[in-house]
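Quick mapping for you: the protein sequence lines, in order, are chains C and F.
Going by numbering that gives the first Met the number 0, the first residue of the first sequence is number 0, and it counts up by one from there.
Going by numbering that gives the first Met the number 0, the first residue of the second sequence is number 0, and it counts up by one from there.
Errors might be hidden in some of the hints.
List time: in silico DSSO-like cross-link candidates among lysine-lysine, alpha-carbon distance up to 27 angstroms [as the list claims (entries may be wrong)]: (1) Lys95/F with Lys286/C; (2) Lys195/F with Lys433/C; (3) Lys38/F with Lys57/C; (4) Lys193/F with Lys273/C; (5) Lys412/C with Lys95/F; (6) Lys436/C with Lys95/F; (7) Lys206/C with Lys425/C; (8) Lys81/C with Lys195/F; (9) Lys195/F with Lys336/C; (10) Lys336/C with Lys193/F; (11) Lys146/C with Lys368/C; (12) Lys38/F with Lys273/C.
Note that these hints are calculated values from the structure, not bench results.
These numbers come from a predicted model, not from an experiment.
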Amino acid sequence: MLKWKRSLSVLAMTAIVGTLAACGGGGNKVNNAGAATEAPASTTAAATEAPSTNEPVKLRIMWWGSQPRHEATLAALDLYTKNNPNVTFEPEYSGMDGYLDKLSTQAAANNAPDVVQLDPGWMPDWMARQQLADLAPEVDVSKFDGKLLAGGQREGKQYAVPLGSVAFGMVYDKAAMDKLGIANPANGWTWDEFFALAKESKAKLPKGQYFTLDYAGNYFMYSAYQYAKGKGQVITDDGHFNVDEASYLEWTKKFEELRKEGLVPPADVNASDKENDPQMDLLAAGKVLFRYSFSNNLGTWDSIKPGAYALVTMPRAEEAGGWLKPSMYMAVSKNSKHAEEAKKFINWFVNDPEAAQITKTFRGLPANKENAALLEANMSDLDKVGLELLRATEPDGQTWSAGAGGWTNFVDKDWVLVRDQLSFGKSTPEEAFKQLKEASQSYEK
Amino acid sequence: MINPFKKYRIDRLFFHSFAIVLILVIAVTAWTSYSNSSKALVQTTSHYQQRLLDELNNEISTRLDMIEQISLSTSRDNELTTFLLNRQDDFERYRKRVSVESALGNLTYAIPLIQGIDLYMDEPMPSDGQSYIQFRNIRDLDKQSWARNLVKSDFAWSGEHSIPSVQGEIPVLSFARKVMNENDYLGVLVVHIKAKEIRALLTGNSSGSNRIMADSGGKQILSIGETLEQSEWSKWIDLKSNNSGYVHIPGDENSGNTLLVYSRMDNSIWTLLEFTSWKQITASSLELAEWIGLIGIGAILLVLLLTHYLSKQFTKPIKQLVSAMKIYSVGGHREELPIDYENEFGYLFSGYRKQNDRIEELYLSLERRYEQQRKAEIEALQANINPHFLYNMLDQLNWMAIDAGQDELSRILELMGQMFRIGLSNGASFIMISEELQHIQCYLEIQQLRWGDGLEYQIDVAPELQEIYLPKLTLQPFVENSIVHGFNKQRSGHISIRMAMLEEAVQIIIDDNGAGLKQPEERPRSRRTGGYGIRNVRERIAGYFGNEYGITLKEREEGGTRVEIILPLLTEAPAQTLTASLAAKEG
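Turn these sequences into a full structure, and let the hints steer you where they fit.
Below you can see the structure in the form of structure tokens.
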């Protein structure tokens with residue numbers, strides 16, 4: 000009887016408590032939740048002293064590149080999200096084609112991604128237009144080569160960090176040349192040897208296969224040629240048209256010759272070339288033996304046809320033809336709503352050894368010297384080839400400069416029009432030079 | 000049918016009846032609140048969903064109209080048509096391509112909704128498969144699933160499909176428009192818009208909703224969440240009318256009921272549908288009902304306690320009473336019942352107490368009577384010894400009278416002996432009429448022996464009365480009275496005894512022709528009320544049978560006295576059973 004009574008009173012208590020809890024449930028829960036979240040928040044704040052809140056942030060990031068670079072970059076983003084769960088990414092990546100147009104259009108609409116990858120050549124314009132945010136103090140650049148940093152500086156502020164350094168040289172289809180019995184070039188070769196090799200290969204090349212691309216109107220290749228001839232920059236650092244007429248005519252006429260002899264592809268085939276595209280890259284398609292390349296790009300071709308390609312320095316003449324340059328820069332858009340998080344990400348991306356292990360040399364040998372040393376210590380054979388080109392270019396390579404601002408359109412539009420006219424045989428070398436000189440008038444400072 | 004209030008224990012009755020009432024009330028409350036609130040919820044939900052869908056429809060329609068307009072203006076762009084006319088040389092064609100590509104590219108870059116643009120044309124220059132702008136051969140147009148929509152129309156929307164890009168397969172909706180120039184069909188401009196964006200528009204701020212976007216013909220373009228098959232929902236919507244509305248679709252065995260809200264508008268070619276599971280809408284109603292149920296369970300538990308407490312309070316006095324009854328013994332220890340109850344239990348207790356007092360009293364009186372009876376019986380036994388002694392003495396006297404040759408005396412003694420025997424009758428109070436008559440005859444014979452021939456008597460009794468019982472010695476006092484007092488001054492006398500059966504009674508009439516009731520002045524009272532014997536008879540009759548029966552004395556007109564005795568018709572002796580039952584109890 001006593002037991003029954005006791006159990007009954009227990010039952011009663013549970014009933015009453017249950018009913019009370021049921022009635023006041025809503026309020027209690029809120030209170031508990033409030034208490035529960037407050038406590039850990041304060042402790043973590045005290046522990047880490049993180050000034051920023053941990054609210055979720057989605058960073059838009061945009062870059063260009065080829066498949067291996069895309070994969071490595073996505074992996075790095077995943078790692079960052081893993082370490083910082085509040086930061087997620089909305090990546091926009093593509094090939095180089097249309098990249099600048101897209102980025103410029105978005106920037107014009109104040110809708111540029113938070114983190115952008117920029118070509119060194121665009122830096123002066125972007126900084127001049129004040130479209131980038133100052134990276135100090137979040138991004139630590141103490142371990143960077145000062146020469147590379149300079150391209151992202153304006154008026155003493157660092158607006159962009161260099162991601163890597165690359166050498167401008169050439170890639171060639173070693174496998175095809177060995178098969179055809181054409182001698183491999185050696186580092187330090189000359190333009191004369193280049194054109195001689197072209198002529199030599201004529202007899203050995205089957206139909207539909209060419210020595211190199213039609214570089215007659217190519218801005219970078221002509222720059223390399225003019226450098227080699229010791230005539231300096233095509234556009235001077237202070238913003239003047241500086242195409243050496245004699246060198247230009249020499250260059251364009253040599254290519255006119257190659258065109259006539261069928262050593263460069265006809266215009267429509269040449270125009271269809273898309274660098275690094277597995278189907279449309281003429282080198283990858285086996286249609287040309289030579290094309291220009293940066294030291295970090297061997298991996299991309301190698302991923303298309305493993306073991307087939309090799310690198311060689313840009314041919315020289317009086318001076319070296321190639322040069323070392325920052326591969327690309329990374330910056331934060333001025334209108335970014337999460338600039339702080341974006342800068343923290345960049346700091347990690349360029350300084351963290353773990354990040355460097357993932358991104359490897361897909362953006363060139365890291366500009367961060369410690370990371371570069373780290374990667375050099377255990378490099379793949381493929382990366383060693385790129386490093387070799389870098390080292391071969393380094394001693395007497397041309398001094399790279401971002402150039403003067405305001406000439407981007409000259410290079411991207413006017414020069415390209417002349418290029419196509421030359422390729423399609425619509426103008427003579429003389430006419431081409433005249434046209435360029437006239438077009439340059441509107442860009443002169 | 001068993002009355003449960005007579006069968007089950009009180010605490011259970013309390014609990015069950017309270018619980019049943021409570022459960023009923025709660026069930027009714029829960030059901031009413033559930034059904035009413037869910038009805039209201041469905042109405043509100045459908046109303047707001049419809050308004051929301053109309054707004055989304057407007058928004059989507061605005062976006063897609065913009066795409067259509069852009070497509071229109073682009074398709075009429077001079078550069079594009081010149082490029083498609085294909086009347087230039089290779090260089091011009093290449094330059095035009097570059098310029099068209101760049102124009103279309105800029106369109107794509109400027110409008111984030113656009114994923115890419117395809118241009119179907121004759122002899123396209125190939126472009127890499129992943130770039131935003133694609134030049135495709137018009138002969139490949141038929142390979143596209145949406146191409147047949149272009150047969151009858153100059154433009155058409157496709158359903159959701161995927162196109163390749165650097166970032167993998169991208170789901171898109173496509174708007175295709177024929178590019179015409181002076182009735183020449185030059186190609187098809189296809190604008191791909193990101194299905195993700197439209198999906199986001201369709202989702203709005205309400206994630207987790209189930210919506211379909213369909214064209215005006217009811218063909219599904221894209222869907223989010225879990226929706227019904229097109230064949231399922233299309234039969235519920237009137238595709239001819241441009242009115243929004245909602246339908247309740249009853250579920251089958253696989254799925255529950257569904258609320259279908261749809262939006263169709265005059266200024267939009269799109270139909271938006273939203274599906275909401277009935278369960279989801281009425282979830283809060285269900286929750287409400289569950290809360291009520293939960294509170295109900297709490298209440299039932301409380302009721303359990305309350306009824307336990309109540310029934311305990313109610314049954315406590317009853318139990319006390321029962322235990323008091325159990326241990327009750329007359330004159331023994333008395334269980335004290337609480338005296339502070341003023342209600343029904345108080346009445347019960349005081350009633351019980353009074354009853355006990357009465358029982359006690361009754362028992363005491365019974366005891367007293369039993370004591371008296373025992374005394375009387377002892378007395379009677381003692382009295383029985385005296386007559387026996389007298390009887391034996393009479394017998395000896397009789398033998399002495401015979402020895403002395405006194406025949407008359409002997410006869411008298413003999414008759415007296417008979418009278419004694421009958422008078423004793425083993426102590427019985429009732430004897431049969433035949434015995435009574437025998438007794439009175441003995442008496443009269445003795446009197447006749449004393450009187451000689453002067454005394455006459457007549458007895459007239461029906462044979463069927465012989466075995467009827469009557470209190471013994473009823474007649475003798477009257478006869479004696481007649482002889483002693485009535486014939487006091489006479490030499491002769493006549494006594495008549497008649498007995499007759501009335502309905503339920505025996506009538507005895509004793510007539511004499513004596514002095515009547517008027518007696519000499521010296522003894523007026525004795526004759527009227529009768530002497531000791533008559534009074535004894537009168538009291539006995541009154542005692543045994545009550546006032547209905549009795550004795551009447553009156554003067555006869557012809558002289559003498561008439562005694563009329565009315566007795567009940569007894570076929571057996573009642574007094575004997577009484578004594579027998581008393582004796583049995585004592586045993």
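**Request:** Could you grab the alpha-carbon distance between lysine 195/F and lysine 336/C and see if it respects the 27 angstroms cut-off?
**Result:** Judged against 27 angstroms, a Cα distance of about 23 angstroms means the pair holds.
Q: Take a quick look at whether lysine 206/C and lysine 425/C sit within 27 angstroms of each other, Cα to Cα.
A: Answer holds: lysine 206/C to lysine 425/C is near 24 angstroms, not above 27 angstroms.
### Pair hint outcome, lysine 412/C versus lysine 95/F [Cα-Cα no greater than 27 angstroms]
This hinted pair holds, its Cα atoms lying about 14 angstroms apart.
Holds or violated: are the alpha carbons of lysine 336/C and lysine 193/F at most 27 angstroms from each other?
With a Cα-Cα distance of about 24 angstroms, the restraint between lysine 336/C and lysine 193/F holds, given a limit of 27 angstroms.
Agreement of lysine 95/F and lysine 286/C with the hint, judged by alpha carbon distance not exceeding 27 angstroms: holds (25 angstroms)
Exercise for review: Assess, step by step, whether the Cα of lysine 436/C is no farther than 27 angstroms from the Cα of lysine 95/F, and give holds or violated.
Suggested key: holds (24 angstroms)
#### Entry: Holds or violated: lysine 193/F to lysine 273/C, with C-alpha atoms at most 27 angstroms apart
Between lysine 193/F and lysine 273/C the Cα gap is close to 25 angstroms, so the pair holds against 27 angstroms.
Next item on the list: Assess, step by step, whether the Cα of lysine 146/C is no farther than 27 angstroms from the Cα of lysine 368/C, and give holds or violated.
Entry: Holds, at roughly 12 angstroms.
* Measure nothing beyond the straight line between the CA atoms of lysine 38/F and lysine 57/C; if it is 27 angstroms or shorter, mark the hint as holding. => Distance of about 41 angstroms is beyond 27 angstroms: violated.
* Is lysine 38/F within 27 angstroms of lysine 273/C, Cα to Cα? -> violated (64 angstroms)
Given the hinted pair lysine 81/C and lysine 195/F, is their alpha-carbon gap at most 27 angstroms? holds (25 angstroms)
27 angstroms Cα cutoff - pair lysine 195/F, lysine 433/C:
It is violated: about 50 angstroms lies between the C-alpha atoms, which goes past 27 angstroms.
Taken one by one, the earlier hints fail for this structure at numbers 2, 3 and 12, listed in ascending order.
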